[in-house]
Amino acid sequence: MKHEELDAALDSFGDALASATRVTPGNALRPEDIAVDGVAPSDEVAQYALTLGDDALILAQRLAHWISRAPELEEDVALGNIALDILGHARSFLTYAGLAWDKSEDDLAYWREEEEFTSLWIVEQPNGHFGVTIIRQLIVSIYQHLLYQKLATSQDETLAAIAAKAVKEVDYHRDHAIQWTIRLGQGTEESAQKMRHALEILWPYVDEMFRDEPVHQNLESIAVLPSSLKDAWQEEISAVLAEAGLEIPATGQAMAFGRRGEHSEHLGYLLAEMQVLARKHPGASW
Amino acid sequence: MSQSNNWPLWEVFVRSSRGLSHVHAGSLHAPDEQMAVRNARDLYTRRNEGVSLWVVKSSDIISSDPDEKDSFFESPQGKDYRHATYYKASEGVKHL
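Sequence order for the protein chains is P and L.
Note that numbering that gives the first Met the number 0 has the first sequence beginning at 0, numbered continuously upward.
Note that numbering that gives the first Met the number 0 has the second sequence beginning at 0, numbered continuously upward.
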């Protein structure tokens, strides 16, 4: 189909047909649109999009592991939905980055080695018990919510469009994590103890999230400087933890440099599982 | 699913678009009313089905008794005069 025809088809598929009796997917930016209509970014913008895509991809892979394993059926669906939202963000960012290098989202997801992944250490940390996953979600979703709000005003139109769509979804992820943090923090002594434990094992990976790297500093008014998010993040998460009766733990900070391709021991195993099928059957499709 | 589910049951009502009523969509388990609305969002509006949600604790709903079906619902049968079509327009009434 030509672009014009595709646009027309998408229009008729979306809100144009929305009615009381017909459920439609609605109109929103999809990775397929970026692949077809996107303008190839510069190498520097692509590197930045890659960092955002890698964070989302690894976190989505981690969260998807909860499917069929959550404490309740309803929570299973909730975590699965959140994982899929985040996978959608990864697909958009990786598709856009790949335009610069003539690579597809799958090339980037399945055919890079561990040291080529630029994700933060926090997203590759193991799921642990439910409380660990919730604290990781709390830390990351508050961060991504602030990040995407700013990125939605980026001078790079594609990054801004991806962020504008993602921010609504991440707003819900944030709410989900906050609701559970408060309930588990205020729950039983055992649930509060597990939340304190979760904070202790994840807090060492907080500083890395806010470290400015050349990939950010070289893209003024396009990239969001991570350090610019720190104060708002600290304020928001402190308020949630206070309501939950939890405290920021006094832990040291890990020497984490995921943006430079240096990772903790956990990423290799995650990638092995994520990539094995694509590598065993190259080019396979459903 | 290591423990038995001891969360209360909630009934979910979805309004599919403005101007329509909320319609019963199904039920779910949740620990409290706030989580029930969120679970309802995840379970019943994943495909753009709704613009508004209600949740009601199932135990708060009072329903009619199936054993009283006859006395409750058979009675209107045969009472044609409760339908507008029973009545004929009188002569001379032009705009009915």
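Bear in mind the hints are in silico, worked out from the structure with no lab data behind them.
Since this is a predicted model, take the numbers as computed values, not measurements.
A virtual CB, placed ideally from N, CA and C, is assigned to each residue, including glycine.
One should not assume that every hint holds.
As the list claims (entries may be wrong) - Every beta carbon over 12 Å from chain P, so not counted as near; a handful from chain L, in silico: (1) His28; (2) Trp53; (3) Glu90.
As the list claims (entries may be wrong) - With beta-carbon atoms standing in for the labels, derived distance ranges: (4) L:Ser58 - P:Asn126: 29 to 37 Å; (5) L:Glu67 - P:Ile66: 52 to 60 Å; (6) L:Ser57 - P:Ser220: 19 to 27 Å; (7) P:Glu113 - L:Leu8: 39 to 47 Å; (8) P:Val275 - L:Asn5: 37 to 45 Å; (9) L:Ser62 - P:Asp105: 49 to 57 Å; (10) P:Gln192 - L:Lys68: 38 to 46 Å.
To be verified - If we take Cβ atoms under 8 Å as the criterion, some of the chain L residues that face chain P in the derived model are: (11) Ala29; (12) Arg37; (13) Asn38; (14) Asn47; (15) Val50.
Hints, one by one, checked against the model:
Remark: the non-interface label on His28 of chain L conflicts with the geometry, its nearest Cβ contact in chain P lying 6 Å away (cut-off 12 Å). Against chain P, the non-interface label of Trp53 of chain L holds: every CB pair exceeds 12 Å, the least being about 17 Å. In this structure Glu90 of chain L is separated from chain P by more than 12 Å, as the shortest Cβ-Cβ distance comes to about 40 Å. Between Ser58 of chain L and Asn126 of chain P the Cβ separation comes to about 34 Å, which falls inside the hinted range of 29 to 37 Å.
Between Glu67 of chain L and Ile66 of chain P the C-beta distance comes to about 44 Å, which lies outside the given range of 52 to 60 Å. Distance hint check: the CB atoms of Ser57 of chain L and Ser220 of chain P are about 53 Å apart, inconsistent with the given range 19 to 27 Å. Here the CB-CB span from Glu113 of chain P to Leu8 of chain L is close to 46 Å, well matched to the stated 39 to 47 Å. In this structure the supplied range 37 to 45 Å holds for Val275 of chain P paired with Asn5 of chain L, their Cβ-Cβ distance being about 39 Å.
A hinted range of 49 to 57 Å holds for the C-beta pair Ser62 of chain L and Asp105 of chain P, which are about 52 Å apart. For Gln192 of chain P and Lys68 of chain L, the Cβ-Cβ distance of about 54 Å falls outside the hinted range of 38 to 46 Å, so the restraint is violated. Look at Ala29 of chain L: its Cβ gets to within about 6 Å of chain P, closer than 8 Å, so that hint holds up. A distance limit of 8 Å between C-beta atoms decides the matter here; for Arg37 of chain L the minimum to chain P is near 7 Å, and the interface restraint holds.
Of the supplied interface hints, the one on Asn38 of chain L holds, with its beta-carbon coming within about 4 Å of a beta-carbon of chain P, less than 8 Å. For Asn47 of chain L, the shortest C-beta to C-beta distance to chain P is roughly 5 Å, which falls under 8 Å, so the interface hint holds. The closest approach between the C-beta of Val50 of chain L and any C-beta of chain P is roughly 10 Å, which is over the 8 Å cut-off, so the hint fails.
In summary, the numbered hints that this structure violates are 1, 5, 6, 10 and 15.
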